[in-house]
Amino acid sequence: MNTTLITRSNEGEKYLLYAKLDNAKILYNLAKSVNFKEHAVFCALDSGLKISCEDAKSTQGIAFVHTDLFQEYSVKEDCVCIKINLSVLIECLNIFGSIVNSIPTALKICYEGYGHPLSLLLEDNGIITECNIKTMEADSLVNFEFDFDRIINKIIIKSEGLKEALSEIDVSNDIIEIVISIEKQFLRLSSFGLIGDTHIDIPASSDYIESFDCKKTQVNRYKVSFFRNSLKALVSSSKVALRITDSGVMGIQFLIPIPELSKMAFVEFYFCPDEEIE
Amino acid sequence: MKFGAKLINTENIEQFTEIVSTVNKLCSKGSGGKTCIIKLNHDSMCFVLPEFASNHMLFYNSGQVSFWMRIDALLLFDFYIFEGKSIEKSSVMIEILPENLLHVLKSTPNVKNLKLKLANKQTVCLSIEIEYCGISFKSKSRTIIHDIPVKIISSSFMAMKDFQEPNLKDTALSIQMPGLKTLKHMIERMKAMGDHITIEATKNGDLTIRIQTECVSVSSYFKNLPVQVKKNELCSYSMRLSIRRMNDFINSIQVKPDKIICNFINNKYAHFLVIQNGNLVLHYLISSILD
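Heads up: the sequence lines are chains S and Z, in that order. Mapping of the first sequence onto the working numbering: position 199 corresponds to residue 406, and the numbering continues sequentially without gaps. Mapping of the second sequence onto the working numbering: position 219 corresponds to residue 1228, and the numbering continues sequentially without gaps.
So here's chain Z without its partners, still in its complex pose (with noise of 0.2 angstroms):
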């Protein structure tokens, strides 16, 4: 197996930076530990919650949430290389903890580049080799290696179908969200009034969030959003979630997506996508709360 990766674009390393610092919020807010897999596959990295790749989107208790992320490791990373053992065996799954992830990347600002990849010390290490700028300009600039202990998942254990990209194929209606500044200051507010969100959306593109409690009702409306009408049968769909996990959701997202779109599926969940460019594709999926 070989893998190795290297940021030296301080773009990509800022960007790498908000994706794990999204992966760690989105961690922090599962139901088990705050444990992450990361599969390595040939050009793309995915992360997934331990608890997730088994459920496998089936929810039994209401308010719950999952989330599957797939980066494009040959875009965001200026070198980035994986192969497997062997055919069979085309990717690897490890188990980290995000938070220690993130501590690395935020030591310090005076980043010139990093390197990626996977020792064993002692155990399985993530092994993290930054060197940094030196401290003035005629100072050589210093290398620092982090080891971080993760765990190799055997593929026994964790099928390779438990990693594949949720399927969105019995989506009735995908409509654009607002904007996540407008969203997010939104949700916050509405947070502060009550503990369920409905969100409705028709065919013609109009978006509807509201909460309803005994002291006040709020409802925003929102018009011509790009919508997307895959299942003819009904002209409005809508959802009734809890604010907190929906207020979770949209506070964990560090990166600054191109959009984020949600899709009516069933009644059993929201299933929200939020893309950027290409990039990176991120899953998140809030089972609604039934009446």
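Chain S extracted, bound-state conformation (with noise of 0.2 angstroms):
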């Protein structure tokens, strides 16, 4: 599907990618939501930007900000993949700040290939800010086998739900265990720290839950800090919707709402469950 717009003016003519966001907060919003680590890969697709960055082969957390969300979007080749400093990307998107009630701060990526920066140019109230990213050969990603044939267990939660069961996990302990259970009809989180054992039940049949597909009981156990890796993106969700394929490998899928668009853009969480010694 060639979702490659027709640029409106020939300034996108000479980039491989050129891109226009009359509100450059919608991408540092999706662009800190899964910065936890300082690099990232970022790549211009057909249909949009994806921003992925990765710890130790162990999570992978991907912003997708889809075409419709720009107001002019142009890729030269199927895909334009680039390594930079996230955290560096995310301070320039933020330059200007952001004072409430004012005109939004306007962005244009350009990015002319391979050898050169990416470019940002940020414009507020009569101030321009040009911003030149080294860029880096992109490191190829692990690959979570994140089959999606493979998805054992599914539910869709309201954020709100989820945000209150992960606050009641107690962090003293790194290991967060999850069950979707097919007798009992729940999702339950539980923690085993010092004190003692923490267990949040949210039944299917609660209104914090959408959907519960459960083909199998499931247990896993997970690391903390990387549902802490989403807590960004969890909060700027309005759903979540959680997906477990049957080696017990997460995803999580993240629905965040664009308000000044009327449009939704996604936030995926990908991690495989904690070997246990026992």
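Among the clues, some could well be false.
Said to hold, decoys possible - The calculated BS3-like cross-link candidates involving lysine-lysine, where the alpha carbons are at most 30 angstroms apart (straight line), are:
#	chain 1	residue 1	chain 2	residue 2
1	S	239	S	361
2	Z	1193	S	232
3	Z	1094	Z	1043
4	Z	1190	S	341
I should point out that these hints are in silico values taken from the structure, not numbers from a laboratory.
Got two chains here, each in a separate frame; can you build the complex from them with the hints?
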């Protein structure tokens, strides 16, 4: 599907990637939600921008900014991938700060190609800031083998519910146990701390649960830090889809509303279960 | 010697608190201790760092800062009187910890009025008598006196000339900086990305604030800023400063300035001027980083 938009001006012609966003904050918030490591892979696809952040080949966070969130978007090749310092990108996007009730900061992204920096042009109230971020060769990201065909359990839960549940988790232990039970029809989050064990049960019938698609009871343990990496995304999201494959690999998808454009964006996190030594 | 000052107007009390808050922040970033010298004159108060007076704008190490501030006492205070001991000794210099003064001013929001004077209570003190509003409509107001120990600096130790307003006669170019809010935010973000900042100004009123590191280069372009060219030698002037020092300066300003001017004098330092309505003038100097 060719979703490459025809640029209205000739400006985008010489760039491999050219995109215009009327509100830089949109990209800023999405990029921040996956900034759990300093560097990220920035991919420009036909369908939009993908920012992927990975830690020790064990967890991945991906923010996707679809072309329909941009005012203009054009990419000359199928997939342009570069590695950049994501923390720096985020600071640049926020250079003007945010003053409530004012005209949002406009953003232009330009990338000429291999060897060139990623250029950001931000404009606010007549002031122009130009940022040139050094680009590096993109590392290959770990393949989580997140086979959508192998999803055993899928739960769609309202963000407030998951937020509340996670806030109750005792973080003295670095493991969280997730149980999805077909018999008991619930999602259970457990932590085993020094003081005692905490169990938070969210029944399938709860108002927070929008859909409970359970094929087999699963008990998996994950590092709390993996969930913590996704907190920013959780806070700005309205709904969360938890999907676990038969091997216990967790895929969390956050639905992030973009009220300014009455559109949605997606942020995903993937991680493997913790191997227990019993 | 006679000294007395009174603040009745809430706005003036707030403004004085903002000024002391600024002085406190400026002093806490100084290279010496956190004390400040206040020079009391018949119509003004000057705040100076003890090191400033002796070094007087000579920077031996880069990254040094200094400030000099004068407030128009007759305008700021609802009542102000200062008379020196004699014609020769027409002012007095006291060394104080601005932190203590700020603490007193911020102690409660229900200040009805406050009076300042110098008193001798075992040691010389700046005596602040604060009348607080009563808690309820019917209850009487309370008065509390705070005594802050100060040190009188003799004029033999420090010459009057050390307290003169820093001169700008060698300024080549003066340009008005962008608004404080924008500047504050920008400098903070740049601080997260690098250590040094370059400020460049042209005769046409264009100002560029730039950082350049191995990883990124960020340049902000401001156009049509009020500019004054005193020396017609170069088309543009630029200076390299420590972002941390610049950030300290911007964050110290707790008053609402009417304008902030950047003076390019020579390569040695950046001379900023923070002006509020003729009420207040703050000179802030940051020594530049030479390549």
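Subject >> Contradicted hints - numbers only >> reply: none
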